[in-house]
Every structure is written in C-alpha cells, then in structure tokens.
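**Student:** Note that the protein sequences, when read in sequence, are chains B and Z. Going by this note's numbering, the first residue of the first sequence is number 1, and it counts up by one from there. Going by this note's numbering, the first residue of the second sequence is number 1, and it counts up by one from there.
Simulated from the structure, these hints should not be mistaken for laboratory data. Some hints could be false.
Short, incomplete list of chain B residues facing chain Z, as computed with Cβ under 10 Å [what the hints assert, rightly or not]:
1. 99
2. 106
3. 109
4. 273
5. 284
6. 303
Predicted model, so just to flag it, every value in this text is computed and none were measured. Glycine included, every Cβ here is placed at the ideal spot set by N, Cα and C.
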Amino acid sequence: MPFFRSSDFSKHSQRMAVKGWFLSLSLVLATTLAHASDAAGRDWRTLAAQAKGQTVYFNAWAGSEAINAYIQWVAAAVQAQYGVTLKHVKIADIADVVNRVRAEKQAGRDRTSGTVDLMWINGENFAAMKRDGLLGEPFTQNLPNFKWVDTVNKPTTLIDFSVPTDGLEAPWGMAQLTFFSDSKRVPNPPIDLETFAAMAQQFPGRLTYPRPPDFHGTTFLKQVILATASDMAVFTKPATDADFQAATAPMWRYLDKLHPALWREGQQFPNTASAMTQMLADGELLVSLTFNPNEAANEIASKRLPESVQSWQFKAGTIGNTHFVAIPFNAPSRAGASVVANFLLSPEAQARKANIDVWGDPTVLAVSRLPTAQRALFQGGVKPGQLTQAAPVLPEPHASWVDKIEKEWIRRYAR
Amino acid sequence: MKGGAASVSMVMPMALTLAIGPVLLTALWLALSPLLANTPWVALWQDPRFADATLHTLWTGTAASLLAWVSAGYLLRSAFIRGQTGRWLNRLPLLLATPHAAMAIAIVLWVAPTGWLLRFTSPWLTGFDTPPFWRTTQDPLGLGLIAALWIKEVPFLCWVAATQLQREDVRRRWQAEFAVAQTMGLTPTAAFNAVVWPQLARVLRWPFIAVLAYGLTVVDLALIIGPTAPPTLAVLAWEWLRDADAVLQAQGVLAAWVLAGLTLLVGASSWRPIIRIAPFGVMGRAIGGGWRLLFMLYAAAWLALLVGGFLGVWPFPNVRPEQWHMGHWGRVWDSAESLWRTVALGLLAATLTVAWLVAWLEWVPHRWQQVMRPLLIAPMILPPLLWAFGLYRVALWGHFEGAWFGMVVAHAIMAMPFALLALESVYRASDPRLQAVTLTLGRHPLQYLLSVKWPLLKRALWSAWAIAFAVSVAQYLPTLYIGAGRFVTVTTEAVAQATAGQRGLMSAYAALQTILPLMAFAVAVMLGRPRRFMKGLP
Numbered sequence: 001m002p003f004f005r006s007s008d009f010s011k012h013s014q015r016m017a018v019k020g021w022f023l024s025l026s027l028v029l030a031t032t033l034a035h036a037s038d039a040a041g042r043d044w045r046t047l048a049a050q051a052k053g054q055t056v057y058f059n060a061w062a063g064s065e066a067i068n069a070y071i072q073w074v075a076a077a078v079q080a081q082y083g084v085t086l087k088h089v090k091i092a093d094i095a096d097v098v099n100r101v102r103a104e105k106q107a108g109r110d111r112t113s114g115t116v117d118l119m120w121i122n123g124e125n126f127a128a129m130k131r132d133g134l135l136g137e138p139f140t141q142n143l144p145n146f147k148w149v150d151t152v153n154k155p156t157t158l159i160d161f162s163v164p165t166d167g168l169e170a171p172w173g174m175a176q177l178t179f180f181s182d183s184k185r186v187p188n189p190p191i192d193l194e195t196f197a198a199m200a201q202q203f204p205g206r207l208t209y210p211r212p213p214d215f216h217g218t219t220f221l222k223q224v225i226l227a228t229a230s231d232m233a234v235f236t237k238p239a240t241d242a243d244f245q246a247a248t249a250p251m252w253r254y255l256d257k258l259h260p261a262l263w264r265e266g267q268q269f270p271n272t273a274s275a276m277t278q279m280l281a282d283g284e285l286l287v288s289l290t291f292n293p294n295e296a297a298n299e300i301a302s303k304r305l306p307e308s309v310q311s312w313q314f315k316a317g318t319i320g321n322t323h324f325v326a327i328p329f330n331a332p333s334r335a336g337a338s339v340v341a342n343f344l345l346s347p348e349a350q351a352r353k354a355n356i357d358v359w360g361d362p363t364v365l366a367v368s369r370l371p372t373a374q375r376a377l378f379q380g381g382v383k384p385g386q387l388t389q390a391a392p393v394l395p396e397p398h399a400s401w402v403d404k405i406e407k408e409w410i411r412r413y414a415r
Numbered sequence: 001m002k003g004g005a006a007s008v009s010m011v012m013p014m015a016l017t018l019a020i021g022p023v024l025l026t027a028l029w030l031a032l033s034p035l036l037a038n039t040p041w042v043a044l045w046q047d048p049r050f051a052d053a054t055l056h057t058l059w060t061g062t063a064a065s066l067l068a069w070v071s072a073g074y075l076l077r078s079a080f081i082r083g084q085t086g087r088w089l090n091r092l093p094l095l096l097a098t099p100h101a102a103m104a105i106a107i108v109l110w111v112a113p114t115g116w117l118l119r120f121t122s123p124w125l126t127g128f129d130t131p132p133f134w135r136t137t138q139d140p141l142g143l144g145l146i147a148a149l150w151i152k153e154v155p156f157l158c159w160v161a162a163t164q165l166q167r168e169d170v171r172r173r174w175q176a177e178f179a180v181a182q183t184m185g186l187t188p189t190a191a192f193n194a195v196v197w198p199q200l201a202r203v204l205r206w207p208f209i210a211v212l213a214y215g216l217t218v219v220d221l222a223l224i225i226g227p228t229a230p231p232t233l234a235v236l237a238w239e240w241l242r243d244a245d246a247v248l249q250a251q252g253v254l255a256a257w258v259l260a261g262l263t264l265l266v267g268a269s270s271w272r273p274i275i276r277i278a279p280f281g282v283m284g285r286a287i288g289g290g291w292r293l294l295f296m297l298y299a300a301a302w303l304a305l306l307v308g309g310f311l312g313v314w315p316f317p318n319v320r321p322e323q324w325h326m327g328h329w330g331r332v333w334d335s336a337e338s339l340w341r342t343v344a345l346g347l348l349a350a351t352l353t354v355a356w357l358v359a360w361l362e363w364v365p366h367r368w369q370q371v372m373r374p375l376l377i378a379p380m381i382l383p384p385l386l387w388a389f390g391l392y393r394v395a396l397w398g399h400f401e402g403a404w405f406g407m408v409v410a411h412a413i414m415a416m417p418f419a420l421l422a423l424e425s426v427y428r429a430s431d432p433r434l435q436a437v438t439l440t441l442g443r444h445p446l447q448y449l450l451s452v453k454w455p456l457l458k459r460a461l462w463s464a465w466a467i468a469f470a471v472s473v474a475q476y477l478p479t480l481y482i483g484a485g486r487f488v489t490v491t492t493e494a495v496a497q498a499t500a501g502q503r504g505l506m507s508a509y510a511a512l513q514t515i516l517p518l519m520a521f522a523v524a525v526m527l528g529r530p531r532r533f534m535k536g537l538p
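If we strip away everything but chain Z, and leave its shape as in the complex, we get (with noise of 0.2 Å):
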C-alpha cells in the first residue's frame, strides 16, 4: 500500500518533469551546437563593431539596472514608512502591463526632434521652426533605451516587493522590527534601510537579476530605441543569426552565448553586492511624489500612443495634425486577425503556464524542485535569442513550427519564470496547519486544495496568471521564430511597423499591445478578491 502510493505519487512529479525539461535542455542543446563544428572566435574578435557593441550592451544594461533599483528601492521605503503599500502597490499591475516595445515607442514620440516634447515648446520658447539637429531617438550613448529600461523595470521591481508586502505574516513582521528599530532612535529612513531594506533587497535579488538579463539581451527594445552605430550585442547577434551566411549565423550563435556569458558574469558579481545598495535620499516631505511622478510617465506614455494613432500629415512645429486620420485603426481592425491570435496564445500559454506550476509546487518534492529551479529560471536568465533558436530547433525536428502547439508552449516556457516569482514564495507559505484540520474532518486531500488552499491563493494565483498572459502578448522573438512567421501578432507588428517608422500604424499596434495585458490583469483583479465569511464571532 505504502509503496503503491509511493510509486503514485512518484508519476506526477515525473511527467511534469518530462513535460519541460527535456524541452528546455534540448533546446539548449541545440543551440548550442552550431559552435561545435564551427566556432568563429576569430571573426568574431575582429569584427569591427564587436568591442564597441559590448561596451554599449554592458553600459546600458547594468546603468539602467542599477537605476531602477535604486529607484524602486526608494518607492517602497517611501510608500512602506508611510503605510501606504496598499494604495501604490494595488495599482502597478496598470504599470506592468505595458509592454516594453510599446514604452520604447511612446519615448520616441516624446523625445524625438519632431515629438511632443519640442512641438509643445516651438517655436515661442526653442526658436525652431524646423526640428533642431538633436540626436534623441537611437542616440549614440543609449540613453533613450536606458530610460526606457529604467521606467520599466521599476514597476517590475516593485511588483515582486508586493508579493512579498502584501503577505500578511511579513508585513507585521517586518513593521514590528522597524517600530522596534525607530525606538531605538533611528530616522524612519535609516530604521528602513538598516531592517527593512536587506530582507526586502534579498527577495529582489532574483528579479534583480532577470532585470539585469532583459537589459543586456533585449532585441525588439534595442531596435526600436537603442544605439545604431554600432547597435547593442544583441541587436548584431540577430543580425548576424538572420543572415543568409552560414558562417555569419554562428558568429551570431557564438554572439548570444558571449551575451549569455556576460549576464552570469555581471549577475554573479552584483549578487552580493546589490543588497548592500540601499536607495539613496532622505524622506522629504514630498511623501509618494516619486510614484505620482512614476504614474505621470506612464499616463504620458499612453496618451501619446492613443493620439498617435490618429495622426495624419503633421508637419514640425504644429502640435495639431493637419489631418486627423482613422485609416491606421482601421488597418489595424483588417488585420484583426492578429489581434484574436495574441488574445488566443496569452490565454492558453497563461493557462498552461500556471496549471504547470502548481501541480508543480505541489505535488513535486522539495528537494526536486529546488534542483530544477535554475532550468525553469533559465528562460529569464538566458538571452532570448538563444531561447529562440534553440526552440525553433526543437520545433523543426518535432514538425511543429508555425502550429499552435508549439506556439503555445514556447511562449509558456517564456512565461514560466515569471509566474514562478509571483506564486513561488506565496504558495510555500500557505499554512500547513490548514490540510490537518481538512484531513481530520475526513475529507480527501485534493477536496482541501479545492476549497481551502487554491481559494486562498487565488489572489496571487491569477496575478501569476496575468503576468504570464502578458509576458505571452510582448513576447516578439519565440513568436517570430517558432510561428515560422505564420503568428503574427500584435508585438510582432508593433515591432515591425516601429522599425519602418510608421507612427501612425506603430501607435495604434502599441497602444493595443497595452490594452490587452491591462485586461488581463483587470480581469486577475476582479476574479483574485478574497472571498467573504462569516465570522465565527460577532
């Protein structure tokens, strides 16, 4: 009997193992591969634009980083001393929800010689009567793609400090301690940064990390923003992948292996250090200014991508077109196509991606989980490039390249890491105690988890769920590889018409790519509140 339950309980953990890491190992595998017949260290070393490519790639990277940690570090002392967690926290998923391609796009309609910016100061303040000679958009130090970076990923940061923050047993804790350190005589800023802050800073390390990683390995964001001369490493590795040389696809290969490098490297040496970097500044009387600045941008953002998509000939310096136009709405309602398809692929990658990962936190033991956790990480870790070709790989050999089902799972295994940061330490920490009182009253296990366990989690259950939608909707690489171009999908129009330059077009398909993972968490919203029951005392 023991040991039939043994052997049972043995099946699900293997299948659920079997269902991805052989996927994940081989697509890795493959793309490694390539370097085994040929490994262009020489050329690449001699190509003229690799050094300088690096140079850009590390700076940009780690600048932007370092940025959005420091910022989102100060954000939550200053919504934690105020008690305000609440408020800031239960509105990020607003902030979350817009893809980076679509942020990349509403900075250059902002920043741009002939954007917002300078049309709304010319010519009564700048003088220009014609756009000024700014290097703005693609400048040459990537400072556009290091804003943009930064003011994505601080809502990022933040979000995984509320998984953690909005915990019930942590918060009290965590207040306990820093009343106790205030007693002791410390500012409520230094009482934060000494108790508060290195707890808070080591649930961040990891998302700190995959921070870290997207900056260093983003493509679709670096075409759209970054520096062109030359562009990011990333950006030349899939321009070399994409060319019809052989020898040139391995030295793109190698390219994204060398950026696979860097991201361990420089994630390594920031792993101890980053949690001794405590945001700066002292609490000044402008309690939440930074996140209502923080909002502000973003609400910036959107607008300028909702008028973009109604702007028909506009000359510098007009702030009005001189025609309104519907026609790129109206391009976009014929290629709707696209639009039910990314609506389509985020619900069942979202699905597959959480129903995955519960059965896998809870009938996988520990031990096994924690030995596979750095290969369900590995898609955030990784450059996506190399996740893309090694999956496409993987899809040829198994004929389901532009399928649905391959679709699917590539963008679940995109997400995968994701979800896991949002229900991984909210699912461990569900009360025990709760499945003995279940159990003692007679009823079956899977009944406790029914209508105890999951009806409890759900909040952080459906969270996971929309960041897994919504990492599906930006997905843009996987989903042009794997779909065989066949998937075209919101992002890979955005992307697509943000490289032609279209505005118009480019707006209307950002301002959609928002739309839709704001839905999703809209939606996690509204079915995640808490159910209602009586007290057991009036």
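The following block holds chain B by itself, in its conformation from the complex (with noise of 0.2 Å):
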C-alpha cells in the first residue's frame, strides 16, 4: 500500500536526486504553508459561515460505482456538517472540464460565474490549469485539516508529476499502478517487464493494456519508460525532443516486441482499464490493471470479480502519484469548495474512503500522526484481493512527457 509507502521511496538509491530536490521543495513548502496556517485558522470560521448554503458542483470522473456512491455520502456529510449542497458533476475525462474553464475564461465568464467549483485533477491537467491560470488563489493554507496530510513521506501531495502544487490542489488520495488477476489461472505473476513479456508469449492474446491516451494506458507506458530507461534524472524536466528520443526508444523496442502477443495481436486495445477487468471477469483476459492497490478487494467485495483474483507490482516499483482537487478561478462558490476539500481530508473522510467495502482509496494523510480516535478509525484486516506485498513508489515523469508520449504512440501504433 502506498499509504506508508515513501520510506520505500528512499531505498532507491538510484533516484536520490529526484528524492532530494522532492524533500527540499516540500520542506519549503510545508514551513509557508504551516506559517500561514496560523493567520489562516481564524478565517476558518468566516469561510464556514460563507460555505452555508452554498452548492458546489464537483466535477469529478464517474466511471467507478464504488466511487460515486461515496461521493454521495460525502455530499450527505457536508449537508449535515456544515450546509454544503454538494452536486457530482459526473464526467469521462478531466480533460473535458479544463477545456470548458478555459472556453469560459476567453468568453470573459471570470469571478464568480465560473460553472465549476471543485474538480478532481492531478498531472498534466493540473499543470496545463496552472499554466493557463485557470486556478485562481492558493487555498490548502486555510485548510484545518491539511496539517494531516503527510507531507514529508508522501511528497508527492505536494509536488504533482514534478510540477509544485503551490497551494492550489488540495490531496485526496494515493494511487499506485496495480496489476491484478486469478490466482486460479495466474500461479505466479510477472514480477518485471521481462515475465511480462515471458507470460504474454506463453499465453499470446490473454495480456493488454488500456489503449492510451485512456488514463490507466498511458501509465502503462510511463511504467514501461521508467523500467527500461537508463538515466532517471530527464523525468523530473521538461520534455524536450532530444531528450525524448534517447528516454523513449528502448520502451518502443520493448512494445514492438510486445504488442505481436497481446489482445488481437496489439492491433486493437480495450477502451479503459474497467473494460479490461469486465474481461478478465469474463475470462478473455488474464490480467487487468488499475490505480488503486484495493481496486481489486472492492471488486470482490461488490461481487464482481471472483475471490481467487490477486493484486501485484513490479517487484523494482510501480508508477505512483497523489490525486488532488482543486478549484478554478471562475468557481462561484469557493467558500463551499474549500469547506469540501477541507472535509475530504478529514480523518472521518479519509478513513471510510480507505476502506475497502466503500471505495479502499489509499489515505494521504499521516495516520500514525493521528489521535488515537481517529488513528482507529484506519484499523482494518486484510480483505480478499488486497495487494499484500508492497512495491516501491516511482515518481511520475514531469507532466510535459504526457502529451509527447502519447503522439508518439499513436503515431507508432494506432493507424
């Protein structure tokens, strides 16, 4: 679980300079932000008083039943805590909302007459916001509830695909690439990209991966970029094309190989990630990918996938990253937003989203800096399907890397 997962992190030695300029940048960070908490704590109240009454619309991805029914609760929590009417805006693609904040932004809708007020976000759509300052003030310094988040072991809750939030995306969860498939027909999982490529010509037609730019396929790329990749430091920089080429051309040598075993001979791939485990529900897969370590566990515990299905990494470490919400300039109930975020972060919040039965959402807050109440609240056993063994977290390459990996992979593979 990614949960406590950064002292991994530090184990790769490899990647000290990434973890370095990530430690210092979020120490900075973390001393303003704790600074300003102080002056913060007093608007608290004001912005409370505001909230009530408000509606926000939460523009948030809905292709997960697990996730959407606790939103729900969410919604009914914040009515109930403090007046908040909370509506899911329910969409496909994150994409899609950036592109209706930046319409609205030329249209001169600024201040106020926004039609979003909190959307969940992170890389390359955060950056792109940030760029085009679509996101309006810092917020998370008036949050009371972000002296939580952990900080210093999860420093990706402060420094998104190498892009620093700066206070504008407040963190909710943790993901963390996760494989999973039935023990029943999967003995033993590839633990590399090697046994991978070893399974997928032993059962030539049972492995694929969610056709990119789909979110889950392009970091199944970067997964693959990062395990073949010789030189760790041109991730955490702007893409640039030369750098590019030379980072990119052993994962094109390795997916050349690849694709002629995959689903329909890698000519075709699957729409999404909850299409591939729907297969390999059915049985035409063998191994389905996801985000979220406890994915697996929830699909079990809502009946649909069989109990004998496992979760696995890369034994070297799996792609990980933290998943935020953030408020655009435009949004007319920001008082309401904030109260929200500063909700999702509770101990309460983050608890029922980390356990299994509900949505098993990896926590970004310090559990063990917990009271011991609410420290309770995290204690659960171990549900079937659950990934048991840890892999390390490897950071995102910078959000730049996105776009030019996914031209290039169309261009190479779906004409």
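Join these two chains into a complex; the hints should help.
**Tutor:** Encoded structure:
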C-alpha cells in the first residue's frame, strides 16, 4: 500500500537526486504553509459561515460505481455538517472540464460566473490549468485538516508530476499502478517487464493495456519507460525532443516486441481499465490493471470479481502519484468548495475512503500522527484481493512527457 | 384594416423566425470562427490518422445507408404488395424508440467473443473453453458499426414512408396505379418498382440524406462499436475538440467541417442516383419474413439489455452467470435524478418543438418556409459535433449553459428536423375546403384550427411529438456540451458506462434509454387515435 510507502522510496539510491529535490521543495512549502495557517485558522470560521447554503458543483470522473457512491456519502455529510449542497457532476475525462473552464475564461466569464466549483485533477491537467492561470488563488493553507497530510513521507502531495502544487490543489488520495489476476489461472504473476513479456508469449492474446491516451494506458507506458530507461534525471524536467528520443527508444523496442503477443495482436486495445476488468472477469484476459491498490479487493467485495483474484506490482516498483481536488478561478462557490476540500481531508472521510468495502483509496494523511481515536478509524483486516506485498513508488515523469508519449504512441500503433 | 391585418399577420412569422433563426446562424458562425484565426489544414492533412479515418467514415457511413435504403425498400414493397402496410408500419414506433447507442450496446452483448452467441454454442459446438481471439467488437473494418446503423436506420426510413402510406389519398392513388401496372402484365414486384417506388423514393430522399449524415458523423455509436485504429473521422474530431491544446482543438473544428463537407458531397452525389436504386429481389413465398426478422433482431437486442442489467460474475462459456446481481439497477435507482431529468427535458423539448413547428406551418407564408427550410433541416445534416460546439459558444455568451433553458432549446433544435419530416407533408395536405365550411358557419378561424384541423391531424402531431421526445432522449453531444456536464441524462450515463465497459450498468442504462421513448410512442398512439363521429347516413 502506498499509505506508508515513502520510506521505500528512499531505498532507491539511483533516484536519490530526485528524492533530494522533492524533499527540499516539500520542506520549503510545508514551512510556508505552516506560517500561513496561523493567520488562516482565524479565517476558517468566516469561510465556513460563507459556505453555508452554497451549492458546490464537484466535477469528478464517474467511471466507478464505488467512487460515485462515496461522493454521494460526502454530499450527505457536508450537507449535515456545513449546510453545503454538493452536486457530483459526472464526467468521463477531466480534460473536458479543463477545456470548459478555458472556454469560459475566453468568453470573459470571470469571478464567480463559472460552472465548476471543485474538480478532481492531477498531472498534466493540473499543469495546464496552473500554466494558463485557470486556478485562481491558493487555498490549501486555509484548510484546517491540511495539517494531517503526510507531506514528508508522501512528497507527491505537494509535487504533482514534478510540478509544485503551490497550494492550488488539495491532496485527496494516493495511487499506485497495480495489476491483478485470478490466482487460479495465473499462480505466479510477473514481477517485472521481462516476465510480463514472457507471460505474453506463453499466453498469446490474453494480455493487453488500455489504449492511450486513456489515463491507465498512458500510465502503463510511463511504467515501461521508467523501467527501461537508463537515466532517471531527465524525467523530472520538461521533456525536450532530444531527451524524449533517447529516453523512449528502449520502450518502443520493448513494445514492438510485446505487441504481437497481446490481445488482438496489439492491433486493437481496450478502451479503459474497467473494460479490461470486465474482460478479466469473463475470462477473455488474464490480467487487468488499476491505479488503486485496493481496487480488486473492492471489486470482489461488490461481487464483480471472483474471490481468487489477487493484486500485485512489479518488484522494482510501479508508478505512483497523488490525486487532488482544485478550485477553478471562476468558481461561484469558492468558500463551499474549500469546505468540501477540507472535509475530504478529514480523518473521518479519509478513513471511509480507505475502507475496502467503500472505495479502498489509500489515504494522504499521516495516520501515525493522528489522535488515537481517529487513528483507530483506519484499522481493518486484510481482505481478499488486497495487495499484500507493496513495491516502491516510482515518481511520475514531469507532466510535459505525457503529451509527447501519447502522440508518439498513436503515430506508431494507432493508425 | 387590410394593412393592419397584414402587419399583424407578419408579427407571428417574424417572432417565430427570430426565435430560432439567429440562434442557428450564430451557432454555425461560432463553430466556424476558430478557423479564421488558425486554419490547421496542413496539420490535419499530415495527421497520421486523418486519411484512414476519413476512409473508415466514408465506408461505414455509405455502406450502412445503402443497405438501409435497399432493405427499407424491400420491406415496404413486401408490405405494400400484400396490403399489410398498416399491420407492420403501425408497430414501427417499437423499433424507432430504441436509441442507436442502446442498439450498439446490445449488438456488442451478442457478438463479442464473450457474448451470447458464443456462450450458447460453446463449448459443445465451437469447442471453445476460453473466448476466441475474434475481433468482433470494434472490428477494424467497421462491420459492427455498419450493422448497428443498418438495423437502426431501416425502421426510420420505413417510418417516414409510413407518414405517406397512412395518408388515405396517397395510398388510394398508389394502389390504383399499382393495379393499372399489373393489368399491363407486370408482376407485382415489377409493378411496384415501376410506379410506386419512384414516388416513394422521392419522399424518402431527404430522410436518406439524414441517414447518410447520421452515419458519417455519429460519435457515440462509433465510440461504442466503431473501429479504433484509427477510429472514424467523427470520433477523431471529437478527441481533438476535447484536447487541452488550442491548436489541436482548431484541428478538431476543421475536421468537423470536413465531415460536413463530406456529408454534403456524398449527399449531393447520391441525390439523383438514389431513387434509381430499386429494392432488389423478387417476392418469394415468405411474405413478411423480412419484417419478422427485423422485429426478432430488435427483440433479441431488448432481451440482451434486460438480462445484462442483472449479470454478476459471468465467466465464459457459462450461459448462466455465477451470480445474479441486482446492484446495477440499484445504482440506476440511486441516480434516479438523471431519469427524471431526461423525462422532463424530453417532455419540454418535444412540446416546444411541436408547438413551434405547428405555428410555423400554420402562420408563416409558404415562400418564407421554403427559404428557411434548409436551416431547419441543418441540425439533421451537419455534424452534431459542430452544433454542440457552436451552440455551447452561444450558450456561454448568453449565460445559459448548464441551465434548463439552454438545454431545452438545444434539444428542441436537434429534434426539429425529425418532427418536421413527420409533420410537414401531412400538415400541408390537409383539406382547405374544410376551413371554408367553418368560415361559412360564421366561426373564427382559430376555432377551425382548434376543433377541426388540429384534431384531424392529431395522429401526425402526436407522432411528431413522440419522435421529438425520442430524439431528445438520445442526444449525447449537445447534452454534454450545453449542459456543462451538469445535465446527466440516461444517455450520457449509458455512453459513459459503455465506453468504460461496465456491462451490467451499461445494459441497465441502455434498457432505460429504450423504455423512455417507447412510453412516449405509446402515449402518442393512445392520444393520437382519431375521434369517432356519427355517420351522416345510417
């Protein structure tokens, strides 16, 4: 689980440079935020008073039943506790919302006349919004619950795909690329790219990955890049053409060899990871993947996967990141959105989210620092399908790599 | 006095025109404007997927439309020759009510390597213990997309033909001509092809262009069942339009206009030849066989959707799932809000459409109507992508995106051409002598409309209302754009779940997506029954 994962992160001496950079930046930011929070603490009551009666339109990916149900629970809770009405605007791809906010800005829809109050975001979409000034003022320093966030051991709560968050987005959950398969059919899951390729050769047509630019598909590509590249330092910087050529060449070689053994000979790819999970349940595929280490356990709990499914990661580590919520510059209910963001960070909400029967999304909080009563909320036994052996977290490449990777993949394989 | 009446009589047409004309024109203009600053012709041309995507689009769109054309002709002929037009055409709303997306989902449920067809035959017949490596979903040739379009468009063409065949005057004339041709020694098939078909085909020409335009430009259907490497041009344009990069967005707009151009080009070049394509085949013994097959295909689709909503873990090749699962419908129930929203939106949009259209047909001078007609038909001909994009810009400007007003107007605009097709010719054909009778009785013209003309046209009016409701329910792109994502409807849910591949939920939503228009058509049939009067003679 990536909850308590970042100590593993330091074991990777080859990534020391990255780590040092992350840590120094996160310390600076943490100190700044601590200072700010003294002043902001007084303002919190004012903010909460403003929020009362506001309606918050929360634009969030809605591709999972478990997540939608959790957001419904949040809506009921913030209504009861703060008098804030939360509406889940269900979307298929957050890039649509980035576009919508940009179109609103172009149409002169400034201050409080937008349609989005809060959005679920990270990575290249956050980078684009930050760059284009679509996010307004920093707000996380005003959130009382931000103090529980484990910014030291989970540096990605402050640095999103190598882009500093600068208080413009509040961490919500931790993610790490995780595979799962039925132990009855795959007793020994692959531990690295070589064994993965060998498995593809052994069971031709039974492995695949979602078609980039699908989020999970692109993550799989990034996983291959990190596992095949020799120099890690380039990934913390914006991608240049020369760096891209050099760093991705081994990946294309790997994929060229892998694809003929994939599902439909690598000529076609599933639309999404959840489509793969369905195909795994039907027996058409042997492996599916997710960004949530507890997803398989959650799917088993909701009877969509058999109990013999187990989760696993590559031994040397898999890509991990944090997902956030952000408030656009023209959010009509800014105060209400802050209250919701704060509630999402509360031990109560985080513990429920981490509960495998609910969603199973790992917390961003430092559970060990919480008061005893609240720490107890996070206790729970091991459920079938849950990841038992956690691998190290590999940091995401800089957000600018995503677009280049996707374009080149399409040029090579999707025509 | 006369001048006053004339100016009053001009107020209505002006108001009706101003209510819709500027919105449509502005939407088109705003959809065109991104290209003024930046026309990425070169980028579009050099895009590695553009050429293949365009070929895919042309192939799937034209193949499906032509298949639908000859099949509809065949079915109409078999019904006409046997005098069974009423029997089959009256049941068409059943088929018409099934949205395209629902049909695509059902086809996937049947033909996928883990679908019903293979489960019923495995392993005893096929020998498969694991799903075969067949590319039957999102196949590279687009055969699945063609099949979905074909099956869906046949009832539409037949339904437009029905608006003619259900007109007493037209049917009598055609039957007389058909009889004459037979007395000249022609076989029934040849007689139909020689005298009835050319007249019917002329009526079906616009609907054919609509079918063609739909096939070439549809996004949601192609997302569910269309090819992926590359996808059709419409899907590609949509991907680009959604990109965060402004240059790529302009490329998407350009691609959407290229689609519009392709539609006009293919439409214009088929305008003359299409009426010469007569339904092939000779009438065999199996009269009605084609109709039965069509209804059976739809029944199979509905069955797959209904059962699909209750499937739990369901490993191949089991025919029965390991667990039945009520949770999908439970989730649908949890988001009941989207259901009520879909219904309310459909009711408002359909009512607005029909009210506007009746006023338009009644009070706007004929010449004026002829001038405006292309604009009213345009939402059916130009790609939905362009409308969604343009109308969204209009809504942004007018601050009604994400609001009921904007949604209702947008849906009404998209439904208008279909309601127009259903209503236009019947409305114009109403007997003017009846008005003279009412006026000689000293009654107000409005009373003639309320108690004579509109009641007589009841059936066509309700039918137009039902089709407008069905079109509204099936709207995907306009709902997504103009709704600012806030208007979650049954259709946006169904498409989202279908592309996410969650079988249970997508089946449940697709079933719901079918049931709603079905209820509208049922209401239309009930309320559209003709009044009974005492006969003048015993």
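**Student:** Give a verdict on every hint.
**Tutor:** Status of the hints after comparison with the structure:
The restraint placing residue 99/B at the interface with chain Z holds, with a minimum CB-CB distance near 6 Å, inside the 10 Å limit. For residue 106/B, the shortest C-beta to C-beta distance to chain Z is roughly 9 Å, which falls under 10 Å, so the interface hint holds. Interface restraint check for residue 109/B: the shortest CB-CB distance to chain Z comes to about 7 Å, inside 10 Å, so the restraint holds. Interface restraint check: residue 273/B against chain Z, minimum CB-CB distance 9 Å, threshold 10 Å, status holds.
Among the interface hints, the one on residue 284/B holds; its C-beta lies about 4 Å from the nearest C-beta in chain Z, closer than the 10 Å criterion. Hint status for residue 303/B: holds, given a least beta-carbon distance of 5 Å to chain Z, under 10 Å.
Hint compliance for this structure: every hint is met.
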